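Taken in order, these protein sequences are the chains called L and X.
Per this note's numbering, residue 25 is the first one in the first sequence, and the count goes up by one each step.
Per this note's numbering, residue 87 is the first one in the second sequence, and the count goes up by one each step.
Bear in mind the hints are in silico, worked out from the structure with no lab data behind them.
Each hint should be verified, as a subset may be incorrect.
To be verified - Between beta-carbon pairs, the in silico distance windows are:
#1 X:H96 / L:E38: 29 to 39 Å
#2 X:S106 / L:P63: 17 to 27 Å
#3 X:K105 / L:R37: 21 to 31 Å
Predicted model only: the values in this text are computed from it and were never measured.
Every residue, glycine too, gets a C-beta built ideally from N, C-alpha and C.
If you want the building blocks of each chain, they are given just below.
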Amino acid sequence: GEDVEQSLFLSVREGDSSVINCTYTDSSSTYLYWYKQEPGAGLQLLTYIFSNMDMKQDQRLTVLLNKKDKHLSLRIADTQTGDSAIYFCADLLWGKLQFGAGTQVVVTP
Amino acid sequence: ETGVTQTPRHLVMGMTNKKSLKCEQHLGHNAMYWYKQSAKKPLELMFVYSLEERVENNSVPSRFSPECPNSSHLFLHLHTLQPEDSALYLCASSQVGGFRDGYTFGSGTRLTVV
Numbered sequence: 025g026e027d028v029e030q031s032l033f034l035s036v037r038e039g040d041s042s043v044i045n046c047t048y049t050d051s052s053s054t055y056l057y058w059y060k061q062e063p064g065a066g067l068q069l070l071t072y073i074f075s076n077m078d079m080k081q082d083q084r085l086t087v088l089l090n091k092k093d094k095h096l097s098l099r100i101a102d103t104q105t106g107d108s109a110i111y112f113c114a115d116l117l118w119g120k121l122q123f124g125a126g127t128q129v130v131v132t133p
Numbered sequence: 087e088t089g090v091t092q093t094p095r096h097l098v099m100g101m102t103n104k105k106s107l108k109c110e111q112h113l114g115h116n117a118m119y120w121y122k123q124s125a126k127k128p129l130e131l132m133f134v135y136s137l138e139e140r141v142e143n144n145s146v147p148s149r150f151s152p153e154c155p156n157s158s159h160l161f162l163h164l165h166t167l168q169p170e171d172s173a174l175y176l177c178a179s180s181q182v183g184g185f186r187d188g189y190t191f192g193s194g195t196r197l198t199v200v
C-alpha cells in the first residue's frame, strides 16, 4: 500500500464542519502537515503538527493526531465555498516529505 | 518576485522534442525539489537537491534530467518523453532543517506530451 493514504473525495454543505482523514505507515514520522491546493495553483501549507502533540488548533482548523493508530485528521469549522480545494496530508520521514493522493473537498450551498 | 516561480505554466511537446522547465526561488532556501503530480495518485518525489548537490533520484527515467546551477534555480530537462509523462510538475524549496515551515511550492508546469 501507499505510505500516506487519504480518501479521494468529500462533499460538505456550506456552514458545516469538514473532517478529512489520513493514515500513514511509519511511526518514525516526526512532523505531519496539511496542504491545500486550489485550481491552477501549487500546494499551500495550512498547518503542521509535531509528533509529540495530540491536537493543534489554528482558527477554523483543528488537527488531531493519533500516533498509536497512525491517523491524522483535519477539521475545518464553518466550511465556506472558498475551502473547496484538494487537501494533501504529508509526513516528514528522514528529512523528506511524503504526500498522499489528496482529498478533493467540494462545498455545496 | 516572491516565493517559488515556475515557467512555463503550460507546455505541450511532441515525443521527439527537447524542452526545459525552470524553477526559481526567492526565499533564501538551500534545498529544492521536483515533484510529479498525476490525478488520484500521491505526489511523486523525483529529485532532491540539498546545498546544490543532488541527494536523491527516485528511479526516475533518464529522459528527465535535473540541473541545479545555484541554490536559487532548478531546471528539469526533458527529452523523448512518453504520453504517460503528461502531468503537473511541481517545484518546491525548503530550508534544510526548517521542518516547521515544510516546503514552499510553485504553481507548477502543466505538461502535455502528444
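29 to 39 Å as the expected CB spacing between E38 (chain L) and H96 (chain X), which holds or is violated
32 Å, holds
Given the range 21 to 31 Å, decide if the beta-carbon distance of K105 (chain X) to R37 (chain L) lies inside it.
44 Å Cβ-Cβ, so the 21 to 31 Å window is violated.
Status of the given 17 to 27 Å range, CB of P63 (chain L) versus CB of S106 (chain X)
25 Å, holds
Violated hint for the displayed structure: number 3, the only one.
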